Amino acid sequence: VKGKTKIPDQKWKDLLDHFNQPNFVLVNDNFEFPDLLGAAYEYLIKYFADSAGKKGGEFYTPAEVVRLLVQLTKPEAGNEIYDPTVGSGGFLIQAHQYVEEQGQDPNDLALYGQDSNGTVWSICIMNMILHNITRFTIENGDTLTNPLILDNGQVRKFDRVLANPPFSQNYSRANMKFPNRFREWAPETGKKADLMFVQHMLASLKPDGHMATIMPHGVLFRGGKEKLIREILIDDDVIEAIISLPPGLFYGTGIPACVLVCNKNKPDALRDKVLFINADREYAEGKAQNRLRPEDIEKIDFVFTNRREIPKYSRLVSKSEIVDEHDYNLNIRRYVDNTPGPEPEDVQAHLIGGIPEAEVDALSDDFARFGISANMLFEPQRPGYLAFRESVDAKPAIRAALESDSALQQVLTAHFDALEDWWVIARDDFAGLHNGKQLPELRQELLTTLKDKLIPLRVLDEFKCAGVFVNWWQQIHYDLKTIISTGWHHSLIPDDYLITEFFQLEAEEIEKLESQISEAQSELSEAVETAQDVAAYEPEEDEKVTAAVIKRALKELINDLKGSTSESARKELAALDAQDKAIKVIEQRIRNSRAALRTKTSELELKLQLKRVGSDRFKADSQKLIDQVDAQLAKLDSSKRADKRKINALNKDKTVLETRLAETDSILAAIGGQISQEESRRLILEKLCDLVHKELDRYLNAEKRRLFQVVENLWDKYAVSMRELETERSETLKTLDGFLRGLGYWG
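Count the sequence shown with my numbering and you get residues 28 to 774, in order.
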C-alpha cells in the first residue's frame, strides 16, 4: 500500500476468499449495464458519508456540488484532469461522466488525484475501478508538502483542476517540496491554508487551463498575507468568477462556502473583470443538509457561461472597482447584495382597513402566469384600496377559490397536454435506444424539445423546465443504460405495473383480505376496551393493554369465580366468559385472514416470477434449490436428535419446491405465458412517462403554492384592521361589563 494507513492482511484475505467462491463472479459485464457496480459503490460512499457526519466531509463532496463545478469547467475528451485533494474521486468520476454525456469519448481522458489519507486513497482507487475507468493515477501523500504527480521532475500541468480542499487547515513550510508553486506564503498557523491550495492548483494549470474549487468565504475578505495573495490573483487576472453557495451543503461544517473559478486565458469580455454570482438563496432545504437542485445548477451555469447580469443575482465587476473602491476585498455581498427588499406595509390599511391596490398590482405577473384575474378575489373598497370578496371570508377560502378557478385549471391542463405532445417524440426516441441511438444526443434533444414545449406557457422558467427534465433523467438514466445494454428487460418493470396489467383480480383479493384484517383489528380493539371495562382491569404504569393482557386478566377472574353458587357470581362469570369468547373469535378471524393473505401473496409472487422469467428459467432455478436441499439432507443424520428438526424443515421446503415445479406449466398457461418483449417495452415506457408526469406535477404544485402564499400574505397583513380590532375590543368589554354587573360586582 502506498499510504501509511494499511488494511490488515486478514481483511484482504477475507475479501479475496469471498470473491473466490465458485459461484461468485463480480464483474460489470455480468450486470444489466456496465456501470452498475460503480453506481452501487457510489451509493455506499454517500451512505457512509451521511452517517459519518463531519468525518464524511473529509472524503465526500455532495454530488450536486461536484456536478456544478464540472459543468462550470466543461471538460472535454483529450483533457488531463486533476484533483489535488481527491477524496473518494467524485470530481474525476463526474468529469468522466460529463464528457460521455456530451457524446465524446471519456476513455480519452487522463485522470489524476492525490490524497493524504491512506484509507480514502484506497476508496478512490476502488471507485475508479468499479466505474470502469482505466486511465487514472491516484497518489497518497500531502499535496502541499509533497505533490507526487510530476512531469520530468516538475509539478505536472493539467487542462482542468477541480477540488474541494479541507477548509481552514494549518500547514507547514518545513520540508516542503517545489516551493516555487507559491507566490506568497499564508500564515502557517491560524488555520489559513486555503489559498495555499489555490496557488498550488494554479501552478498545476496549463496556460489555457480552467480551474474550479470550493473555498470558505473568509479567504475573500481577510487581511494580512491572505490579502496579499488576493492582490496577486486579481493583478494576474486569473479569477473568472466567484460564486456564493447556499448554506449547509457540506458535511459537518456550517462555514459559508463559495466557488472560485480561475482561468489563465480569460476571454476578452472578461479581461480585468470578475463575474460575481450570489446564489446563496436558491436551494432545497433538507433536515440534516441542504442541497442544490438541478434548476439551481442550470441557472448558475447559464449565467456563468453567458456572462449574464441579473439584478440581485449576478454582476460583472471591473478590476478598478475591486482595487480602487474595495481594496481587493472580494466579499460577494459588496458586489451582489441579494437581501430581500422590505415587506411593504400600508399604515392606512392597517388602521382603517382595505388592501392597497398597488400591492395587488405588484402580483399581476403571478396572476397572469396562471391566467387568473385578480377580480375573482378582490373588489373595490375605496380609492386606492380593495377588499376581499364576500366569498373569501376566511384564509382557507383563498386557496379553495384559486384551486377551483377554471383559468388556472386550463393552464395546468395545457402543461400536461404539452407534455403529452413531447412524450410522443420521447417515446419514439427511446424506441431507438436498443438500435444504437446515442444517449448523449438523446438527452440534449429531449431537454431542448421539453423546454420548447413548456417555456412558452410561462409558469416555469427555462431553469425550472430544466429542473423537471434533469430530476427525471437522474431517475431513469440507469434504466436507459440497461435498455441500451440488454434491451427492454423485465427487471426495469416494477411489480405494481405488472400487477395492474396482468394480475388485477389477484390484487383485489389481497386488498380485500387486508381490509378484512384491518376491520377485525378495529373490532378487536373495541372488544378489548369493552372487556377491560367489564373486568374493571387497571393496568400497571406504562403497561400497554393488549388482547393477551386482557385475556389473562379475564382468565384469572373466571378461575376465581368458578364454583361460586351465588346469582351475582354466575352473572359475572357469564359476562366475563362472553368477553373472553368474543376476543378469541375475532383473533381466530384475524389468524384465518392472515393465513389466506399469506397464501394469496405467495401465489401472486409466484405468478409475477413466472411472468418475468418463464418456465425454463424458473424450473432450472427450482431444480437447483432442490439439489441444494438434497445436498444438505445428505450431510444430516436422522438418528441424531439435533438433526431431526433440520431434516423435517428441509423436507417441508423440498415438498413446496417440488409442488411448484410440477405446477409450473399449468400456472404459466393460466397467466398467459411469459411477458413478451413488446409488453415489456410498453410497460417500461409507461413507467418513464409516469415519472416525468410526476416531476412536472411537482414543479407546477410548487408554483401554485407560491401563488397561494403571496395572496395569503395579504390576508395576514390586512384582513383585520386596527379599527376593527378596536371595535371588537369595545364589544368584548361591553359584554364583560354586562356579565360583571349581572353578577353584582359593581352597580
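Among the hints, erroneous ones may be present.
[What the hints assert, rightly or not] What follows is a set of in silico ranges between Cβ atoms, one per label pair, in the way DEER data are often shown:
| no. | residue 1 | residue 2 | range |
| --- | --- | --- | --- |
| 1 | A421 | L378 | 17 to 25 Å |
| 2 | N678 | A622 | 42 to 50 Å |
| 3 | S552 | R409 | 42 to 50 Å |
[Said to hold, decoys possible] Restricting the straight-line Cα-Cα distance to at most 20 Å, the calculated cross-link-like pairs of lysine to aspartate or glutamate (EDC-like) are:
| no. | residue 1 | residue 2 |
| --- | --- | --- |
| 4 | K627 | E690 |
| 5 | K679 | E690 |
| 6 | K578 | E594 |
| 7 | K539 | E556 |
Hints in this document: simulated from the structure, not taken from any laboratory. Remember, it's a predicted structure, so these values are computed and weren't measured experimentally. From the three backbone atoms N, C-alpha and C, an ideal C-beta is built for every residue, glycine too.
Now the hints, each set against the structure:
no., hint, result
1, A421 / L378: 17 to 25 Å, "holds, 23 Å"
2, N678 / A622: 42 to 50 Å, "violated, 21 Å"
3, S552 / R409: 42 to 50 Å, "violated, 59 Å"
4, K627 / E690, "holds, 16 Å"
5, K679 / E690, "holds, 17 Å"
6, K578 / E594, "violated, 23 Å"
7, K539 / E556, "violated, 26 Å"
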